[in-house]
Amino acid sequence: MRKKTNYINQMTVEFPSNSANEGFARAVIACFCAQMDPTLDELGDIKTAVSEAVTNCIVHAYPNEIGSIVMKAGIIEGNVLEIVIRDKGCGILDIQKAREPMYTTGGPERSGMGITIMESFMTEFRIRSIYGKGTTVYMKRKLTKRGSHT
Amino acid sequence: MNITSFLQNRQLTVALTGDIDHHRAKEIIRVVEDKIDQYLPLVCILDFSEVTFMDSSGIAVVICALRKERELDGRLLLANLPPQPLRVLKAAGIEKIAEIREESRL
Ligand SMILES: Nc1ncnc2c1ncn2[C@@H]1O[C@H](COP(=O)(O)OP(=O)(O)OP(=O)(O)O)[C@@H](O)[C@H]1O
Ligand SMILES: [Mg+2]
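Sequences listed follow chains A and B, in order. Once you know that position 87 of the first sequence is 87 in our numbering, the rest is easy, because the numbers rise by one and skip nothing. Every position in the second sequence, counted from 1, becomes a number in our numbering once 150 is added.
Chain B on its own, in the form it takes in the complex (with noise of 0.2 angstroms):
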């Protein structure tokens, strides 16, 4: 699966691509979690700019990713939103325990 990431003074970003959902979660799930394992990033950026959409298969994926950063006693953002995700995450409350980043590119 082609997920990109670049790390910089222990700050990852992931950049998510494509539709997320049940049939390609696991998967994108298990690189997250590996990434993140393998860089311990104090923040991890999950960048959405190229989501073409998500369901709530997504919400799991930034739960895992948010477990990870807890353990390391790190941030966890979410950046760039398109309209679609943005609202399937704000329907499960996710703004409440992830930090979303709304303005523009990084």
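Looking at chain A on its own, in the form it has when it is part of the complex (with noise of 0.2 angstroms):
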């Protein structure tokens, strides 16, 4: 059986597809990860996870209508900060294509590197989909542990 993950603190939001959300979804991870005293580049680096994850649901899992986004965000012991964001969208028909570098299924305003970035920033990235039922993105990032505040 999988061990139970303790979480030090938790939280989940449920959005609209609305672009307008992205700039939202980015703000609530940085306001929850505040907690664990990020660098100014770790935070970078989450925001910008968060970004493509969230903009992926906007476009391709629900192209033609608004639907649910739901992200949750949990702080688990040594300083990890875990992140889920799902949607009930169209899904992935291929997995292992949509990884690949520069692979898209948009237009010419997406270039294909949403998911090399999340892999690249976290320290932790899985992606589930069913195909015509909707998508999941795992990551995890372990932050550097600061001296306390002064």
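None of the hints are false.
Distance ranges between label pairs, derived from CB positions:
| hint | chain 1 | residue 1 | chain 2 | residue 2 | range |
| --- | --- | --- | --- | --- | --- |
| 1 | A | Lys97 | B | Glu183 | 25 to 31 angstroms |
| 2 | B | Asp223 | A | Gly78 | 52 to 58 angstroms |
| 3 | A | Asn6 | B | Ile247 | 43 to 49 angstroms |
| 4 | A | Cys31 | B | Glu221 | 40 to 46 angstroms |
Note that these hints are calculated values from the structure, not bench results. Idealized CB from N, CA, C, for every residue including glycine.
These two chains come separately, so use the hints to put the complex back together.
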């Protein structure tokens, strides 16, 4: 059996797939992980990964409709931030292909780099998808432990 | 959208601002392309000093501007990149296709 994760803190937000919520999701994750005292670079990486995942839900999962996006985050022992972003949209037919750099089913406004960026900016990255049902992205990022606040 | 630019000897500088994400990218691409079409610069400089955040949607902005400049046989320069947008552009290998000017302000 899988060991249950002990979370130091957790949060869940749900919002519709309006593009204005890309900035909202970045602001939420920045606020939540402030308690972990991230460096500016770490915060930049985390916001970028969240922005990529949420944008994929908005652009690809719900191309012709407004659907629901759920973002969960948790803090785990060892200064690790876990983020889960889930949609109930169209799903991905070939995940292997989707993970390749430069692969995109989008138009000229997409570069096919979102998943590549999430993988390289986070310490752990997993993507699960059921075609026609939706997609879930799991990410973890270990943060450096900094000295206590003064 | 407040994207300002200035032209000097067919060198066009476009000052990008704020968060460059999918929500704003389409409009930014349109403005940058319109400016290049209007002024036909031989050098186009995208100035990132006022950019507060950028994700992969910004890569498309750079690629669209690069395509336009190539049509004109011109050059594209990316200037004053803060660390976060620079990291995203490097992850995408943009430094292999566009010039990044790393030194301080122009
Ligand atoms: N949540 C999702 N739902 C459905 N399809 C997805 C989802 N996320 C990714 N995909 C598919 O995977 C492909 C690759 O995603 P990735 O984020 O790497 O690139 P992109 O979104 O096409 O371009 P970019 O992120 O550079 O703007 C997408 O083009 C799309 O086909
Ligand atoms: Mg993407």
